[in-house]
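Chain by chain, the residues:
There are 2 protein chains.
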Amino acid sequence: MKLYSYFRSSAAYRVRIALALKGLDYEYASIQIAKGKQFEPEYAAVNPQHLVPVLEDERKLLYQSLAIIQYLDETYPEPRILPIDRFERNRVRSLALIIACEIHPLNNLRVLKYLTDVLKVSDEQKNAWYHHWVTTGFTALEHRLATEPQTGRFCHGDKPGFADISLVPQVANARRFKVDLTPFPTIVRIDAACNELEAFKKAAPQVQPDAE
Amino acid sequence: MKLYSYFRSSAAYRVRIALALKGLDYEYASIQIAKGKQFEPEYAAVNPQHLVPVLEDERKLLYQSLAIIQYLDETYPEPRILPIDRFERNRVRSLALIIACEIHPLNNLRVLKYLTDVLKVSDEQKNAWYHHWVTTGFTALEHRLATEPQTGRFCHGDKPGFADISLVPQVANARRFKVDLTPFPTIVRIDAACNELEAFKKAAPQVQPDAE
Numbered sequence: 329m330k331l332y333s334y335f336r337s338s339a340a341y342r343v344r345i346a347l348a349l350k351g352l353d354y355e356y357a358s359i360q361i362a363k364g365k366q367f368e369p370e371y372a373a374v375n376p377q378h379l380v381p382v383l384e385d386e387r388k389l390l391y392q393s394l395a396i397i398q399y400l401d402e403t404y405p406e407p408r409i410l411p412i413d414r415f416e417r418n419r420v421r422s423l424a425l426i427i428a429c430e431i432h433p434l435n436n437l438r439v440l441k442y443l444t445d446v447l448k449v450s451d452e453q454k455n456a457w458y459h460h461w462v463t464t465g466f467t468a469l470e471h472r473l474a475t476e477p478q479t480g481r482f483c484h485g486d487k488p489g490f491a492d493i494s495l496v497p498q499v500a501n502a503r504r505f506k507v508d509l510t511p512f513p514t515i516v517r518i519d520a521a522c523n524e525l526e527a528f529k530k531a532a533p534q535v536q537p538d539a540e
Numbered sequence: 329m330k331l332y333s334y335f336r337s338s339a340a341y342r343v344r345i346a347l348a349l350k351g352l353d354y355e356y357a358s359i360q361i362a363k364g365k366q367f368e369p370e371y372a373a374v375n376p377q378h379l380v381p382v383l384e385d386e387r388k389l390l391y392q393s394l395a396i397i398q399y400l401d402e403t404y405p406e407p408r409i410l411p412i413d414r415f416e417r418n419r420v421r422s423l424a425l426i427i428a429c430e431i432h433p434l435n436n437l438r439v440l441k442y443l444t445d446v447l448k449v450s451d452e453q454k455n456a457w458y459h460h461w462v463t464t465g466f467t468a469l470e471h472r473l474a475t476e477p478q479t480g481r482f483c484h485g486d487k488p489g490f491a492d493i494s495l496v497p498q499v500a501n502a503r504r505f506k507v508d509l510t511p512f513p514t515i516v517r518i519d520a521a522c523n524e525l526e527a528f529k530k531a532a533p534q535v536q537p538d539a540e
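Protein chains in written order, with the numbering used here: chain A, 329 to 540; chain B, 329 to 540.
It should be emphasised that the hints constitute simulated quantities derived from the structure, not laboratory data. For each residue, glycine too, the CB sits at the ideal point set by N, CA and C. There's no promise every hint is true.
As the list claims (entries may be wrong) - Simulated restraints on C-beta separations:
{"#": "1", "chain 1": "A", "residue 1": "R503", "chain 2": "B", "residue 2": "P537", "range": "42 to 50 Å"}
{"#": "2", "chain 1": "B", "residue 1": "P511", "chain 2": "A", "residue 2": "E368", "range": "17 to 25 Å"}
{"#": "3", "chain 1": "A", "residue 1": "G480", "chain 2": "B", "residue 2": "P376", "range": "28 to 36 Å"}
As the list claims (entries may be wrong) - Quick list of in silico lysine to any residue cross-link-like pairs, SDA-like style, CA-CA up to 25 Å:
{"#": "4", "chain 1": "A", "residue 1": "K441", "chain 2": "B", "residue 2": "D445"}
{"#": "5", "chain 1": "A", "residue 1": "K350", "chain 2": "B", "residue 2": "D413"}
{"#": "6", "chain 1": "B", "residue 1": "K441", "chain 2": "A", "residue 2": "K350"}
{"#": "7", "chain 1": "A", "residue 1": "K448", "chain 2": "B", "residue 2": "L440"}
Said to hold, decoys possible - Stretch-level coverage of chain A by chain B, calculated; a stretch enters the list once three of its residues show a Cβ under 8 Å from a Cβ in chain B:
{"#": "8", "region": "388-398"}
{"#": "9", "region": "404-417"}
{"#": "10", "region": "428-442"}
{"#": "11", "region": "450-463"}
Generate the whole structure from the sequences, applying the supplied hints.
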């Protein structure tokens, strides 16, 4: 298995956590996004969308972090990342999608670049934008995690899974942008519980081969 | 079953298509987003995130359109919305996520409102933003659909499924914002094929009880 990754990409970080939780070994192929390497022809042939991550397994290319993680769970079922019960599956998927559809897309590098390069917003406005979408999404997430009885040591019960895999990279990003996390005690608690685990440590940006 | 919906919400539109493809009946509960009805306490109790859609099934509340659709497919498996093969599942999920994670979140009402109300961009800049993200996402999608051998009459083979359910509402939105679709012949062809089907017709915004 080969993972096209970049240490700072949260989407790649999600897949690294899933691979580590499953105990799967893989070759790490670094695509240096900050240097524009995703636009070079060699990588365009791997992913015409110029994004990471891409996972290569059984000589096939797999796209989109949440789809890749579900592929991994369907292919290497132990330990499970998604619960078996269909209502529980909806819960963890919907928690993950709050992050993947409502926070992360608004705050990734290409969007921030559009704000500064095309719309000519100030750094202050860019940071306010970033904080606004993290805070909006985390408020929703905190409310659900704090009030729903299925929350345990992790987002869903006492084992890490699909929602935690999405949460931890987003919290790391929020910290990098100095978002105040004190209104989100459940999120902070779960993030800390995750980061005690070897799988999450191994997947962290700062320990990747291409970390700067 | 009860669907909290709004005629113009693309996320609700996706779930309506899935319900229609499965031949499932449901009560239609209209939440008039344009009038701010999602913020009223009655609906906040249903969805603290103030978003549609929410599906109620077996007295349980289900969130997030893509998670709801997968719930429906796991609960009412015929006709299938996702393929059985795990590589094929990755394909349709990754196509759907291009739309759900990379186009739709950037162009929904609350984001456009932030651009105009907070960042004070002009109407022209707002439209350029909208067109930019649709065109970027559709370029990636068109490339995959036009070059991957699994594409058939629909996004994946000759039956409509998960990717088509995400595509059709996004195309409808793009048309509403007058995005030029001539660079995307495969997308236009598949959208037309979908819209010939009763399930897609029944789910369309203009025939919903709350259409204006």
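Hint-by-hint comparison with the structure:
Distance hint check: the CB atoms of R503 (chain A) and P537 (chain B) are about 45 Å apart, consistent with the given range 42 to 50 Å. A beta carbon spacing of about 23 Å between P511 (chain B) and E368 (chain A) agrees with the range 17 to 25 Å that was offered as a hint. Between G480 (chain A) and P376 (chain B) the CB atoms are about 20 Å apart, so this pair departs from the stated range of 28 to 36 Å. With a C-alpha separation of about 20 Å, the suggested pairing of K441 (chain A) with D445 (chain B) holds against the 25 Å cut-off.
Straight-line distance between C-alpha atoms of K350 (chain A) and D413 (chain B) comes to about 20 Å, which keeps the hinted pair within the 25 Å bound. Between K441 (chain B) and K350 (chain A) the alpha-carbon distance is near 42 Å, which puts this suggested pair outside the 25 Å criterion. Among the hinted pairs, K448 (chain A) with L440 (chain B) is consistent with the structure: their alpha-carbon atoms are about 16 Å apart, no more than 25 Å. Under a criterion of three residues with beta carbons nearer than 8 Å to beta carbons of chain B, the stated coverage of the region 388-398 of chain A is upheld, 8 such residues being counted.
By the rule of at least three residues with a Cβ nearer than 8 Å to a Cβ of chain B, the coverage given for the region 404-417 of chain A holds, with 3 such residues. Coverage of the region 428-442 of chain A by chain B holds in this model, with 8 residues showing a Cβ closer than 8 Å to a Cβ of that chain against a need of three. Requiring three or more residues with a Cβ within less than 8 Å of a Cβ of chain B, the coverage given for the region 450-463 of chain A holds, as 4 such residues are present.
When held up to the earlier numbered hints, the structure conflicts with 3, 6 and fits the remainder.
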